[in-house]
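For the record, the sequence lines run as chains A and B.
The first sequence finishes on residue 311 if you use the numbering used here, and the numbering steps up by one all the way, no holes.
The second sequence finishes on residue 653 if you use the numbering used here, and the numbering steps up by one all the way, no holes.
No lab work stands behind these hints, which were simulated from the structure alone.
A couple of the hints might just be wrong.
Not everything, but these chain A residues come out facing chain B in the computed CB check (under 7 angstroms) [said to hold, decoys possible]:
#1 Gly5
#2 Phe6
#3 Ser9
#4 Val158
#5 Asp166
#6 Arg182
#7 Ala184
#8 Leu186
#9 Pro189
#10 His191
#11 His205
#12 Leu208
#13 Gln220
#14 Leu232
#15 Ser235
#16 Asp236
Even glycine gets a Cβ: it sits at the ideal position worked out from N, Cα and C.
For reference, the chains in residue letters:
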Amino acid sequence: MIALGFAVSGAAGGLAYFLPAITTAIQDTGHTINRGSPAPSSTPAVDAAPGQPFTVLLLGSDNDAKFSGNNVLTQSMILTRIDPATKHVVMLSIPRDTYVPLSTGGTDKIDKAYLYGGANAAVKTVENAFHVHIDHYAWIGLLGLINLIDKLGGVDVVATNPVLDDFYPADVSGNNPYAYERVAVLPGPQHMNGTLALQYVRSRHGDLRSDFGRSQRQQQVLLAIRTKAKLLGLSDLPDVANAMAADFSTDMSIPQVAALLPLASQITLQTVQQVLLLPPFTSGANVGGQDVLMPNWNLILPETHKYFPAA
Amino acid sequence: MRRFLVIVLLLALMGGFAFGVNRFFALRKANVAAATTPTSVRPAFVLPGTLYIAQQGTIYRLNNGSFTDLHLPKIGTWMQPAVVPGTSNFVAVLRTAAYSEVYLIDSGGHILKKLSQNATTSSTIQLNHWMFWPHVGIDGQTFYVSYDAPKSTGSYEIEFAVWAGALTGKLTSKQWTDPYGYTGGDVGGIPMLNGGLLYSKYQIGNGQVYSRLAIEPRARGNPVYLTDAESDCGEPALSPDNATIAMICTGGTGLQSTRLVVATLTGTKLGPQHVLVDNCLCASPAWAADGSGISYFAPVDATGHFQLWWIANAAGVKATAPKQVTEGLDFDATSPPAWSPT
Numbered sequence: 001m002i003a004l005g006f007a008v009s010g011a012a013g014g015l016a017y018f019l020p021a022i023t024t025a026i027q028d029t030g031h032t033i034n035r036g037s038p039a040p041s042s043t044p045a046v047d048a049a050p051g052q053p054f055t056v057l058l059l060g061s062d063n064d065a066k067f068s069g070n071n072v073l074t075q076s077m078i079l080t081r082i083d084p085a086t087k088h089v090v091m092l093s094i095p096r097d098t099y100v101p102l103s104t105g106g107t108d109k110i111d112k113a114y115l116y117g118g119a120n121a122a123v124k125t126v127e128n129a130f131h132v133h134i135d136h137y138a139w140i141g142l143l144g145l146i147n148l149i150d151k152l153g154g155v156d157v158v159a160t161n162p163v164l165d166d167f168y169p170a171d172v173s174g175n176n177p178y179a180y181e182r183v184a185v186l187p188g189p190q191h192m193n194g195t196l197a198l199q200y201v202r203s204r205h206g207d208l209r210s211d212f213g214r215s216q217r218q219q220q221v222l223l224a225i226r227t228k229a230k231l232l233g234l235s236d237l238p239d240v241a242n243a244m245a246a247d248f249s250t251d252m253s254i255p256q257v258a259a260l261l262p263l264a265s266q267i268t269l270q271t272v273q274q275v276l277l278l279p280p281f282t283s284g285a286n287v288g289g290q291d292v293l294m295p296n297w298n299l300i301l302p303e304t305h306k307y308f309p310a311a
Numbered sequence: 312m313r314r315f316l317v318i319v320l321l322l323a324l325m326g327g328f329a330f331g332v333n334r335f336f337a338l339r340k341a342n343v344a345a346a347t348t349p350t351s352v353r354p355a356f357v358l359p360g361t362l363y364i365a366q367q368g369t370i371y372r373l374n375n376g377s378f379t380d381l382h383l384p385k386i387g388t389w390m391q392p393a394v395v396p397g398t399s400n401f402v403a404v405l406r407t408a409a410y411s412e413v414y415l416i417d418s419g420g421h422i423l424k425k426l427s428q429n430a431t432t433s434s435t436i437q438l439n440h441w442m443f444w445p446h447v448g449i450d451g452q453t454f455y456v457s458y459d460a461p462k463s464t465g466s467y468e469i470e471f472a473v474w475a476g477a478l479t480g481k482l483t484s485k486q487w488t489d490p491y492g493y494t495g496g497d498v499g500g501i502p503m504l505n506g507g508l509l510y511s512k513y514q515i516g517n518g519q520v521y522s523r524l525a526i527e528p529r530a531r532g533n534p535v536y537l538t539d540a541e542s543d544c545g546e547p548a549l550s551p552d553n554a555t556i557a558m559i560c561t562g563g564t565g566l567q568s569t570r571l572v573v574a575t576l577t578g579t580k581l582g583p584q585h586v587l588v589d590n591c592l593c594a595s596p597a598w599a600a601d602g603s604g605i606s607y608f609a610p611v612d613a614t615g616h617f618q619l620w621w622i623a624n625a626a627g628v629k630a631t632a633p634k635q636v637t638e639g640l641d642f643d644a645t646s647p648p649a650w651s652p653t
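The following block holds chain A by itself, in its conformation from the complex (with noise of 0.2 angstroms):
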């Protein structure tokens, strides 16, 4: 009765400790995707099974002041593909101008599925357009990325080029989040914090190659993320979920989100292929009075599909 009273008390005092992660995981992950019904002709796709390569769609949003609820643009899409037996990933960018059809309806810029359709219509918009089959997704927000990088004690990146931006959007750090405020992120090594890691893969008025640097830059910055990752152990949960808590959604379970991350450690740079869809992949228009990128489906289609397999 005695070591029984002890052993409660201890799995109490455990369970305390692991209390947030415990309530953000069962939060944030599980989410189901709803693809809605499969046309009648197609055949559905069938998620990849334990151990087998499979597709993940990450999916990073503003969703400061200016927007209410999960009504937020995706300002990066990320397709990637993981082999857990060769440890070998591939992270193809979206150009968040992308001008497609909508899961929801009509044409427009990719980065518009999210606003209407939350991550089940990304995900389909997606699997329509590039005919990929899509595991599962990971969806966060701006203010959890930044805890997250400050979380991990920040990140270090070497910063392709001055990144310098009159307009990038004061509505992380001010009262008014339409305001601007200015940035100046300086070229090279460098130990970043959540903020100016921010500041660095999202600004884009002063990157000739516009949403192409950003995408580089985002896929600079999740790799640097997954370095310091490797230094967390289980007792680290708790402050991770705490700072990722209202910021983060994903399909996956509780276990296979806890199958992911001996894996993500295991993983080396040299075995992960970073794929930009730049012209002539695309080319620039202007739709509406809106500027969009046209995607050129007979060079993009066999591109993505030497990594993604085709659905």
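Using the hints provided, position chain B relative to the given structure of chain A.
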């Protein structure tokens, strides 16, 4: 009564055990140690001359194996010191959220003069300016700095050009370089003994942005390129005799690491490149004032704090292996140290 006391004692012990389990997990968190202040440590060995070096917005003097906090006013982030040749003074950048200014400071940390006026009183934030990487020529007067002008407040375009001026007059009287648009521009201008300027020029080609080292013998002349696009080299440091360049190259690393490279310089011709440190996060090389070696910053491990490292005889074929000078500090890797001979 006795039984009651035993139950209370057991409950207290169980509560203590629960607390102990909770703390057990808490103590096993990853130890991402915070950096300590330079004044609380001593370097592993003594470096020649005096270094002015920036950590977390403060500038320290390192002399004879000891750090001294210059106690500059805490009104922004102090960075990028550069000595004024022939004097014991240095210039440094004070960065704030919207602009940066250059100050003239003596070796004791007393501000002698605010040299620039880059802040605007207007609510149009685009009227503010940045200045970074100040350098003073061998004459102790000619001043070079990367400056985000000219620009139009109605345009997204903003990049650095290297400007020249006078330390005791107008800092930016002459635009020296013409930057490539929407790349970030030209940075890190270093005055050469022959009157030319060595700097990093950012360009874009094949969808990639990269840096090339260039020499511009005269203001707005044609740049002579020393390195190619594939090497992606920047952060040049020129030896005191101007015969050797140290640089940081990123090409071929997938933008995840760098290498520290040196090469001889004859006129505007770069000799064979010799890699001193490969597969590192090396940053901001700086030559000792007597040319006996170079310092640079690099983290020791994945915790990410940049430490000071030293390579003796870096210009020659007998360069020594890198030696770690500091431990537990967190130097500003975008802020090359300034090295004074005394």
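Going down the list of hints, with the structure as the test:
1. Gly5: This interface hint holds because 5 angstroms falls under the 7 angstroms limit.
2. Phe6: 6 angstroms, holds
3. Ser9: 4 angstroms, holds
4. Val158: 6 angstroms, holds
5. Asp166: Check passed: Cβ of Asp166 (chain A) comes within 4 angstroms of chain B, closer than 7 angstroms.
6. Arg182: Given a least distance of 5 angstroms, the restraint on Arg182 (chain A) holds.
7. Ala184: 5 angstroms, holds
8. Leu186: Holds. Min distance 4 angstroms.
9. Pro189: 4 angstroms, holds
10. His191: His191 (chain A) check passes; min Cβ-Cβ to chain B is 5 angstroms, inside 7 angstroms.
11. His205: Hint on His205 (chain A): holds, closest Cβ of chain B at ~4 angstroms, below 7 angstroms.
12. Leu208: Holds - the Cβ of Leu208 (chain A) comes within 7 angstroms of chain B, reaching about 3 angstroms at its closest.
13. Gln220: 5 angstroms, holds
14. Leu232: OK, holds: Leu232 (chain A) within 7 angstroms of chain B, min 5 angstroms.
15. Ser235: 4 angstroms, holds
16. Asp236: 5 angstroms, holds
Figure legend: structure checked against the earlier numbered hints; every hint is met.
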